[in-house]
Every structure is written in C-alpha cells, then in structure tokens.
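Asks: In case you want the letters, here they are:
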Amino acid sequence: MDSKKAETSDADLIESVLSGRQEDYAELVRRHHPRVFGLCVSMLGDRAQAEDAAQDVFLKAYRRLSDFRGDAALSTWLYRVAANRCLDLLRSAARRREESWEAFVEREGDGLRRLLAEPASAAPLVSEEADLVRRTLARLPPDYRLILTLREVEGLDYAELTKALDCSMDSVKAKLRRARQRFREILGHIESSKNV
Amino acid sequence: MNHEQSRSELSELRDGELPESRRAALSRHAAECSSCRAELADWERLTRAFLRPVPAPTSVETERFVNSVMARLPQPETERLSLWALLTGTPLLTPALGLASVALVLSFLPLGFRASAATAVAPLFVADGQEIALASAPAARAGVSEAVGVPDESR
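Sequence order for the protein chains is D and W.
What the first sequence shows, in this note's numbering, is residues 69 to 264, in sequence order.
What the second sequence shows, in this note's numbering, is residues 98 to 252, in sequence order.
Everything labelled a hint here was simulated from the structure, so no lab data went into it.
For glycine and all other residues, C-beta sits at the position ideal for the given N, C-alpha and C.
Hints are supplied without guarantee of correctness; some may be wrong.
Stated by the list, open to error - Beta-carbon label-pair distances, calculated as ranges:
#1 W/118 to D/256: 29 to 37 Å
#2 W/120 to D/161: 16 to 24 Å
#3 D/75 to W/102: 48 to 56 Å
#4 D/227 to W/124: 17 to 25 Å
#5 D/156 to W/156: 24 to 32 Å
#6 W/134 to D/80: 46 to 54 Å
#7 D/80 to W/138: 40 to 48 Å
#8 D/169 to W/118: 25 to 33 Å
#9 W/172 to D/80: 17 to 25 Å
Between the sequences and the hints, there should be enough to build the whole structure, so can you do that?
Replies: Structure, rendered in structure tokens:
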C-alpha cells in the first residue's frame, strides 16, 4: 500500500479520482471496505452475498462520486448507498418468505433459546448459529433491521443515522422505538413456544 | 413522570441520546419500574444474541476485494494520441516538423521561387507561442537554405 496515499484525506482522494486518476479510488475502497462489508454482512447474514453487495456499493459509489457533496463523512454516504442496496436485496427476499412465526419457532426454538442464553462473546458464531441469526432477523421488516444494525452493530449516533437514512431526527427516534418493539416480539414468540 | 411517557423515551435512554435533564428523571423512573427495566433488559439480551459485531475482514481479504472492484470499474476514456498532443507534448518536435515541411514544400518549387519562398514562410515557424529564430537569425536561415539547396541572400 502506498503510505502517502494512506495519509491523504478522503476529500483529496475524491478530487483526484474525479480529475481522472481512477487508480486513487483503490485507496478509498481499501479504507472503507471493512465498514461497508460489515454492514452488508450484518444485514444480509451471508458473507458471499455481502461481498457481492459490497462490490455493487463501491461500483455505484464510483459512478455517483460527483454527487457526493461532502456535507457528511464519506463513510456515512457509503452507508447510505450500502443500506439501499441491502434493503433492495432484503425486500425481494422477504417477498419469498411465507413461514409463520409459530412454525419457525417450533422448529428452531431450542437453537434460539441457546442463543439467548449465551453470554456475549467476542468469538464468531459457528455457522449454524449464524444461519439461525440470519433467518431470525430476516423475519424483521428490512427497515427495522437496518436501523437496528446501524445503531447497535455499527454504532452510528442519531445525527449520523439521519444522514445515513436521509431522514429527520424525529423519524430516527420513532423508527428506532418501533424497531425495538418489533424486535422484542421475537422474545414473545420464543417464550410462548416454550410454554406450549 | 408517568409510565407511558417514560416508556416512549426508553429507546433514547438506551442510546445515550436523551438530554441530561431528561436522562436523570427517566433513569430514576426505570430504577423503580419493573416494566421499563424488563424492556431495557430484553433489548440488551436480544442485541447480544442477534446483533453481534461482524469479524473484520483481513488485510488479504480487503486487498482481494479492492482488486475485484478496480477490475470492474469502467475503463477511463483512453487518451487519444492526437497530432496536437504529440506536438504540444514534445518541445523540439514542432520546429523540427516545421523545418521539414518547409524543406518539402521548397523542394517542389521552381528554383526561381525558392529564395523568396524561404523568406515568405519564415513567420510560420512559430512553436509554443514563440517565434523561432529562423526568420531573424542569419545562421539558422543559412542552415535551412543549405539544407534545401537555396543560396542564402543574407550572406
């Protein structure tokens, strides 16, 4: 990696890319790949699908780089592009899902309860657990899943959320409240299946 | 502070986004209200189970990703190798081509016109905004005259 480029600001690299030095885009991709990829994995739950989505994000961002006005950090703007890409994918996947909560929890109740009982761990989930997490979160509306992921996993504060989601502060607060209420219903489904 | 009002602000309390004055009051309420405490505890439990941070990609994975993206970018418009670019990008080429052109033209002229033509075309020798010395320097003019076989009148 070119250490001089690594010290160059995002704004200078963008200007350089826009003036025709396409190769400087590599440094921007290198710099922002971990966060964009992380969001895509969190949202989509599948690393291969997340990699494809993240590539789409950086290709779209390249085409629209001249639209970036610099009123937010580049990372926040990329989150917005990534969020829209993931929402598209999740919405089309959600249309294919038909299984009821009852059937899902009846089949996966033991695994879900194990996940909830585990203390927080830095170790990555084994693949079966990761798959169960993915399928559980897939049952949340994509918008709720997105805002919970941006807040809880990516750690965006409310001001950053307004920019990443292109909405008002009141809208961010209301969406988070509703998302958490819906998120909590997962517990209700799991607990009720235990009592049957 | 009533319960419903407090409950509506629990989400902001969890996120540390409440103003200081509201935070103190809500924290006091939550400490006494089992329903609010349970809601906060459930969110924490669900978040730990289902919203875990993703392991960061390794530097090797990132480099592979960078290469994949760069390979998919649209190719920049190739810079056309125009005569203009060639002329402006090579400082000595312009006068050299000018001299060669004049020599070529003069070689086709009848002998009687050559001497006057060499003088007449001299102002055309302008490169990069500067008139080169051919028109004014006798030595240079003599060099051209010799090259094209024309007697130098200035000698």
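Asks: All hints are to be evaluated individually against the structure, with a verdict given for each.
Replies: Each hint, compared with the structure:
The supplied range of 29 to 37 Å is met by residue 118 of chain W and residue 256 of chain D, whose beta-carbon atoms lie about 33 Å from each other. The given range of 16 to 24 Å is broken by residue 120 of chain W and residue 161 of chain D, whose C-beta atoms sit roughly 39 Å from each other. Roughly 50 Å separates the CB atoms of residue 75 of chain D and residue 102 of chain W, a value that falls within the hinted 48 to 56 Å. For residue 227 of chain D and residue 124 of chain W, the Cβ-Cβ distance of about 22 Å falls inside the hinted range of 17 to 25 Å, so the restraint holds.
Checked against the hint of 24 to 32 Å, the pair residue 156 of chain D and residue 156 of chain W passes, with Cβ atoms roughly 30 Å apart. Hint check: residue 134 of chain W to residue 80 of chain D, Cβ distance near 50 Å, so the stated range 46 to 54 Å holds. The supplied range of 40 to 48 Å is met by residue 80 of chain D and residue 138 of chain W, whose beta-carbon atoms lie about 47 Å from each other. Evaluation of the 25 to 33 Å hint for residue 169 of chain D and residue 118 of chain W yields a failure: the beta carbon distance comes to about 40 Å.
Residue 172 of chain W and residue 80 of chain D have their C-beta atoms about 24 Å apart, which keeps the hinted 17 to 25 Å range intact.
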